[in-house]
Structures are given as C-alpha cells and as structure tokens.
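**Student:** Counting from 296, one number per residue, gives the positions in the sequence shown under the numbering used here.
To be clear, the hints were calculated from the coordinates, so they are not data collected in a lab. We put the beta carbon where it would ideally sit given N, CA and C, even for glycine. Since no wrong hints were added, every one of them can be taken at face value.
Here are the computed distance ranges between Cβ atoms for each label pair:
#1 Thr352 with Ala397: 21 to 27 Å
#2 Ile403 with Thr427: 20 to 26 Å
#3 Phe432 with Pro370: 21 to 27 Å
Here are the simulated lysine-lysine pairs, PhoX-like style, with alpha carbons at most 25 Å apart:
#4 Lys388 with Lys418
#5 Lys299 with Lys347
#6 Lys299 with Lys348
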Amino acid sequence: MKNKSLIGAAILFTIASALWLLNQHSPGMIAPHVVQVIHWAAICALCLYGIKKRSLTAWIFISMVVGASMGNDWPAVGPGCRTVSLIFLRLVKTLIAPLMFAMVVQGIAQHSDLKKTGRMGLKAIIYFEIVTTIAIFIG
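All chains should be modelled from the sequences, with the hints used to inform the complete structure.
**Tutor:** What follows is the structure, given as structure tokens:
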C-alpha cells in the first residue's frame with residue numbers, strides 16, 4: 296500500500312514531463328495549467344507516500360521536490376520566506392556545535408584504548424572533511 300502512492304507519483308511526474316515536452320515542441324497544443332495541475336497532483340501523491348512511509352529520508356527528498364517546484368512555479372514567494380529561512384539557518388548553526396561536541400566526548404568516553412581513539416579521531420576528521428567538501432560543492 297505504501298508503494299502505490301509512490302508509483303502513482305512517478306506516473307504523474309512522467310505524464311507531466313511528457314506533456315511539458317510536447318508543449319515545448321508544439322506550443323499551444325496543451326494548456327500550461329493542465330501540466331501544472333498534473334505536476335502538483337504528483338507532488339501531492341509524493342506527500343501521501345511520505346505520510347505513509349514516515350521516514351526522515353523520504354521527507355527530506357519530498358521537501359527538496361516541493362521546494363524546487365515552488366521556486367520554479369512561484370518565484371515571487373521566495374523573498375517573502377526570507378525570515379523563515381534565516382531563523383532555520385540560525386537554528387542549524389546553534390545546534391551543530393553542541394551536537395558535534397557531545398558526539399566527540401561520547402566517542403572518547405566509550406573507548407578505553409587511547410590508540411584506538413586516536414585512529415577513530417583521524418578517521419572522523421577525514422570523513423568530516425570529505426563530506427563537508429561534497430556539501431560545499433552541492434551548495
């Protein structure tokens with residue numbers, strides 16, 4: 296049952312994409328509002344999948360799709376959401392440092408061998424640098 300809404304969303308996205316491409320090739324053949332309605336119906340089906348799935352990863356993906364679609368369909372809404380985005384970014388910055396500190400302290404406290412702790416710290420630093428570099432390129 297969980298996958299039916301995902302399959303429905305994929306089918307609706309495919310139909311919306313095909314109609315959009317057809318409309319780009321032959322302008323005026325299909326009303327742009329029809330494509331937009333099908334596109335947002337697919338997003339609603341994707342949200343239904345997220346509600347049934349209850350997975351953080353699924354909701355992150357759904358939020359990315361909804362954000363990209365809103366930015367594409369209604370670009371004037373973005374500047375109005377600046378306050379919310381600034382609050383979100385400040386909350387993330389406030390949480391990252393204590394969370395990282397707590398994780399490091401817990402990791403050191405759980406290891407009795409200092410040599411293993413040093414190796415684990417080196418691996419953590421390398422992993423952190425690689426993931427941060429990838430995030431910078433994506434951002």
